[in-house]
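**Student:** Residues per chain, in single letters:
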Amino acid sequence: MSRKLKEKIGFGSLAVCTFLAIIPVLLIIAYLIYVGGPAITWEFITQPPHGFLKEGGIFPAIIGTLGLTTGTIIVALPLGIGTAIYLVEYSKQNFFTTLIRIAIINLAGVPSVVYGLFGLGLFVLMLNFGRSLVAGALTLGFLTLPVIISAAEEALIAVPDDYRNASLALGATHWQTISRIVLPTAMPSILTGAILGIGRAAGETAPIMFTCAAIYIPSLPNSIFDQVMALPYHLYAVATQVPNVPESKAFGAAIVLIAIVCGLNLIAIIIRTKMRLKNTR
Amino acid sequence: MNKKFVKYYEKGIKYLLALVAGTSILILFLIFIFLFKEGIGIFAKVGILNFIFGMEWLPASEPPIFGAMPMIVGSLVVTVGAGIIAIPFGIGIAMFLAEVAPRNLREILKAIIELLAGIPSVVYGFIGLIVLSPIIKDLFNLSSGLNAFTASLVLGIMALPTVVSISEDALNAVPDSYREASLALGATKWETTIRIILPSARSGLLAASMLGLGRAIGETMAVLMVAGNATIIPHSVFDPVRTITADIAAEMGETVQGGTHYQALFGLGVILFSMTFVINLITDLVFAKTSNIQRGAQL
Amino acid sequence: MINKMEAKHLDFYYKDTQALFNINLPVEKNAVTALIGPSGCGKSTFLRTLNRMNDVIEKTKVVGEVLMDNKNIYDPDVDPVELRKKVGMVFQQPNPFPISIFDNIAYGPRIHGIKNKQKLQELVESSLKSAALWDEVKDRLHDSALGLSGGQQQRLVIARVLAVEPEMILMDEPASALDPISTSKLEELVRELKNNYTIVIVTHNMQQAARISDYTSFFLNGKLIEYDQTNIIFTAPREKQTEDYITGRFG
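Protein chains in written order, with my numbering: chain A, 1 to 281; chain B, 1 to 299; chain C, 1 to 251.
Accuracy of the hints is not assured; some may be wrong.
Pairs of lysine to any residue residues, derived as SDA-like cross-links and limited to a Cα-Cα distance of at most 25 Å, are as follows [to be verified]: (1) K15(C) <-> F96(A); (2) K86(C) <-> A132(C); (3) K7(B) <-> D55(C); (4) K14(B) <-> E154(A); (5) K29(C) <-> L83(C); (6) K4(A) <-> W190(B); (7) K86(C) <-> N3(C); (8) K92(A) <-> Q18(C); (9) K15(C) <-> K4(A); (10) K86(C) <-> R106(B); (11) K110(B) <-> Y34(A); (12) K14(B) <-> N222(A); (13) K6(A) <-> R106(B); (14) K4(A) <-> I196(B); (15) K86(C) <-> N116(C); (16) K7(B) <-> K29(C); (17) K6(A) <-> L183(B); (18) K61(C) <-> N165(A); (19) K110(B) <-> I271(A); (20) K15(C) <-> T97(A); (21) K4(A) <-> L281(B); (22) K8(A) <-> Y8(B); (23) K92(A) <-> Y8(B); (24) K92(A) <-> D284(B); (25) K8(A) <-> Y178(B).
Covered by chain B, according to a simulated footprint, are these stretches of chain A (three or more residues, beta-carbon under 8 Å) [to be verified]: (26) 36-50; (27) 54-61; (28) 91-103; (29) 142-156; (30) 195-205; (31) 218-226.
It should be emphasised that the hints constitute simulated quantities derived from the structure, not laboratory data. Bear in mind the structure is a predicted one, so any value in this text is a computation, not a measurement. The beta-carbon is built from N, C-alpha and C at its ideal position, and this holds for glycine as well.
Construct the entire structure; sequences and hints are all you get.
**Tutor:** Have a look at this one:
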């Protein structure tokens with residue numbers, strides 16, 4: 001066999017392998033939109049469910065997910081960014097900080113269901129918050145914390161030392177240098193990483209199953225100590241737990257969930273693209 | 001600004017940040033400690049070896065029996081299955097993106113793969129349940145489409161973006177001078193890819209594979225929805241299985257704090273944590289060799 | 001002559017390695033002092049002891065004194081932040097911040113508490129004029145500083161230092177990343193600036209040292225070998241090692 005032919009076959013099979021993997025997935029998503037699309041009406045998005053999920057919309061689940069996402073941001077963003085600033089800009093690099101870094105990287109790889117178990121044990125039972133928005137938000141916040149710390153650390157380390165030196169040499173204090181030069185420079189990357197992490201948390205089911213989410217509460221929560229509906233858990237529930245829910249409603253919920261999560265990812269991608277353009281100018 | 005004030009202000013900021021960092025680190029260590037503290041009870045009660053190697057998991061029987069082996073096997077089976085799908089396909093796609101695809105196509109494919117990485121696992125589980133499992137059932141003439149095979153397929157697709165993006169980084173990290181040197185010696189592009197690029201990137205590709213497996217073994221919702229959830233040791237890939245993650249998710253709601261069942265689930269959590277820790281550790285060791293590859297794609 | 005600064009018995013350590021040995025060197029006011037020597041000789045390290053930029057690096061130690069206007073800058077009551085305001089620094093690579101030209105220059109005055117817009121405007125203009133950059137950038141002050149050429153960036157960095165109104169300027173091989181035309185513009189600028197500032201410049205380019213400096217000191221292996229007026233160093237050095245270096249026998 002000629003070498004040219006070998007090359008054609010080799011690269012050709014790579015192309016086949018790529019499209020073999022990607023096209024079915026795209027077809028499935030197209031099918032999802034085809035079946036679920038008609039279910040998405042103004043009423044579906046803005047009305048509460050009734051008849052134990054068989055009728056009505058998913059408004060409380062959307063609100064619940066937005067509430068949980070907000071809670072995740074409140075818990076994880078300041079703690080994560082503050083920790084990264086301390087680790088990169090203040091702490092001395094020694095065995096202890098290396099240990100912390102390894103712990104953080106490993107926690108980012110711990111399965112989300114383990115966080116769910118932790119949240120159930122600590123917040124719901126031990127601290128007696130019960131199943132509630134606050135317990136769910138704390139669990140998701142802790143889940144996202146290592147991701148945000150790692151992303152922010154990487155972004156801060158990527159800021160050239162030239163900037164720090166130039167600022168210090170002008171008589172700026174340590175904090176002036178960080179707050180006016182280092183953080184603004186790193187912020188787009190920090191936000192990109194953080195939003196991706198938060199988007200992931202917004203779509204998580206296992207951590208909120210037993211810390212927060214309810215199958216059927218048509219009314220909106222009154223306080224952060226109330227249980228809420230949440231989109232990912234709602235999808236799980238209508239697919240497996242509640243019989244005789246029209247299929248289109250489940251598909252519709254899946255599309256809304258994908259839209260929220262992908263919307264968050266899209267924001268991150270736009271920030272990153274803008275940043276790339278700016279840096280190459 | 002007053003000089004003294006500036007000094008105290010600077011100090012104040014520093015201590016505030018130290019407090020924040022301390023809090024985060026405390027939280028993170030709390031997770032380790034809490035998990036082990038709650039899980040240690042079951043090891044003491046039934047014996048660590050009995051717990052890990054016990055072949056029966058009957059939490060509701062009288063007395064309850066806690067043997068984690070069926071779930072450990074279940075997790076391993078679907079993870080290996082997912083790896084068989086995700087690793088070759090993932091590396092193949094990465095090779096296509098890095099070495100073959102024209103720029104425009106590459107950007108489009110990368111955007112799609114990024115999109116796939118962002119889809120929540122419950123959606124994958126839902127698709128597996130509603131769309132995939134009936135197809136598998138008919139295709140192989142089975143009584144149920146909810147089994148280890150379907151779970152592996154879904155997990156494999158879910159792990160694919162991780163494997164692709166890290167493999168692609170690894171391939172791109174191979175210096176162009178290698179490519180040029182090989183081409184200048186009269187090698188074809190394919191020969192260069194197979195003989196030079198792949199071996200040069202092998203530790204990155206290995207790390208990508210490990211992270212893909214790590215993603216698969218920790219996945220919960222999708223396997224809970226499509227693996228069939230029987231706590232038995234499977235005899236064929238078309239038998240239903242229950243993974244460690246699925247068992248925790250399925251039984252977490254029924255437990256009483258401090259009870260034996262509660263401790264047993266934390267014990268499963270410890271086993272799961274140890275498995276992912278080993279996978280991460282191997283990845284870190286591999287990564288230590290290829291320092292220039294970013295871990296960012298793990299997201 | 002009036003000494004603006006003087007190093008006395010200065011030793012410097014990175015961890016356990018001694019990098020500078022008993023340096024005694026005066027820096028004359030309103031003059032250009034050049035530090036020359038092969039790479040790794042300690043000239044940049046010495047420069048960074050003059051505004052305590054080495055404090056930023058962990059595990060370093062200074063023994064001895066650096067007097068500025070007869071006050072040791074390593075005394076415990078000296079705030080390095082205040083010191084660096086008085087002793088500006090220009091680095092090897094142009095390092096503008098990724099913000100606008102105007103904001104780069106205004107950065108120093110702002111952190112030192114100037115908020116008045118009128119005053120900032122004036123400072124930016126006068127600094128850019130002193131750095132011979134005003135005419136080239138006056139129409140695009142609010143464009144990103146990263147869009148400037150290397151030579152322009154380096155003059156921008158000098159303008160940024162001038163805006164803080166320092167008494168001294170330290171330059172660490174400021175022309176090493178520049179093309180010949182930008183370099184000659186920079187040298188011209190340095191000669192002009194010495195009327196108002198005391199300048200210490202590290203360079204590996206001996207012609208440059210000869211062209212722009214009034215005094216030259218030759219460093220080798222962390223030691224100050226010789227210090228004198230530039231024309232004497234380059235025509236009649238006392239030390240054999242200096243002569244070898246000047247005539248190009250090593251480095």
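**Student:** Each hint should be assessed against the structure and marked as holding or not.
**Tutor:** Structure-based check of each hint:
A distance of roughly 19 Å separates the Cα atoms of K15(C) and F96(A); the hinted pair therefore holds under the 25 Å criterion. A hinted pair counts as satisfied when its Cα atoms are at most 25 Å apart, and K86(C) with A132(C) qualifies at roughly 21 Å. For the given pair, K7(B) sits about 17 Å from D55(C) by alpha-carbon distance, which is consistent with the 25 Å threshold. With a C-alpha separation of about 20 Å, the suggested pair K14(B) and E154(A) falls inside the 25 Å cut-off, and the hint holds.
Distance restraint check for K29(C) and L83(C): the Cα-Cα separation of roughly 17 Å lies within the 25 Å cut-off, and the hinted pair is therefore satisfied. With a C-alpha separation of about 9 Å, the suggested pairing of K4(A) with W190(B) holds against the 25 Å cut-off. Pair hint K86(C) plus N3(C) holds up; C-alpha atoms about 15 Å apart against a cutoff of 25 Å. For the given pair, K92(A) sits about 22 Å from Q18(C) by alpha-carbon distance, which is consistent with the 25 Å threshold.
In summary, the hint linking K15(C) to K4(A) is not supported, as the alpha carbons are separated by about 59 Å, beyond the 25 Å threshold. Between K86(C) and R106(B) the alpha-carbon distance is near 53 Å, which puts this suggested pair outside the 25 Å criterion. In summary, the hint linking K110(B) to Y34(A) is supported, as the alpha carbons are separated by about 24 Å, within the 25 Å threshold. Taken as a hint, the K14(B) and N222(A) pair is broken in the structure, with Cα atoms around 38 Å apart against an allowance of 25 Å.
Annotation: proposed proximity of K6(A) to R106(B) holds, straight-line Cα distance about 23 Å (limit 25 Å). Proximity of K4(A) to I196(B) is assessed by CA-CA distance (about 17 Å); at most 25 Å being required, the pair is judged to hold. For a cut-off of 25 Å, the pair hint linking K86(C) to N116(C) stands: about 21 Å separates their Cα positions. Annotation: proposed proximity of K7(B) to K29(C) is violated, straight-line Cα distance about 31 Å (limit 25 Å).
At most 25 Å may separate the alpha-carbon atoms for a hinted pair to count; K6(A) and L183(B) meet this at roughly 16 Å. A C-alpha spacing of about 19 Å is found between K61(C) and N165(A), which places the hinted pair at or below 25 Å, so the restraint holds. As the CA atoms of K110(B) and I271(A) are separated by approximately 17 Å, the hinted pair is consistent with the 25 Å bound. Note on K15(C) and T97(A): the hinted pairing holds, with a Cα-Cα distance of about 19 Å set against a maximum of 25 Å.
Taking the CA atoms of K4(A) and L281(B), the gap is about 42 Å. The hint is violated against a cut of 25 Å. Between K8(A) and Y8(B) the alpha-carbon distance is near 69 Å, which puts this suggested pair outside the 25 Å criterion. Only pairs whose Cα atoms come within 25 Å are accepted, and K92(A) paired with Y8(B) is accepted, the gap being roughly 21 Å. Taken as a hint, the K92(A) and D284(B) pair is honoured in the structure, with Cα atoms around 22 Å apart against an allowance of 25 Å.
Taking the CA atoms of K8(A) and Y178(B), the gap is near 21 Å; set against the 25 Å cutoff, the hint holds. With a threshold of 8 Å between beta carbons, the proposed coverage of the region 36-50 of chain A by chain B is violated, since 0 of its residues qualify and at least three are required. Here's how the region 54-61 of chain A fares: 0 of its residues keep a CB closer than 8 Å to some CB of chain B, so the rule of at least three is not met and the hint is violated. Counting residues of the region 91-103 of chain A whose C-beta sits closer than 8 Å to any C-beta of chain B gives 4, which meets the bar of three, so the coverage hint holds.
Counting residues of the region 142-156 of chain A whose CB falls under 8 Å from any CB of chain B gives 8; the rule of at least 3 is met. Coverage of a stretch by a chain is defined here by at least three residues with a beta carbon nearer than 8 Å to that chain's beta carbons; for the region 195-205 of chain A and chain B the count is 8, and the condition holds. Proximity of the region 218-226 of chain A to chain B, defined as three or more residues with a beta carbon under 8 Å from a beta carbon of that chain, is not established by the 0 residues found.
Checked against the numbered hints given earlier, the structure breaks hints 9, 10, 12, 16, 21, 22, 26, 27, 31 and satisfies all the rest.
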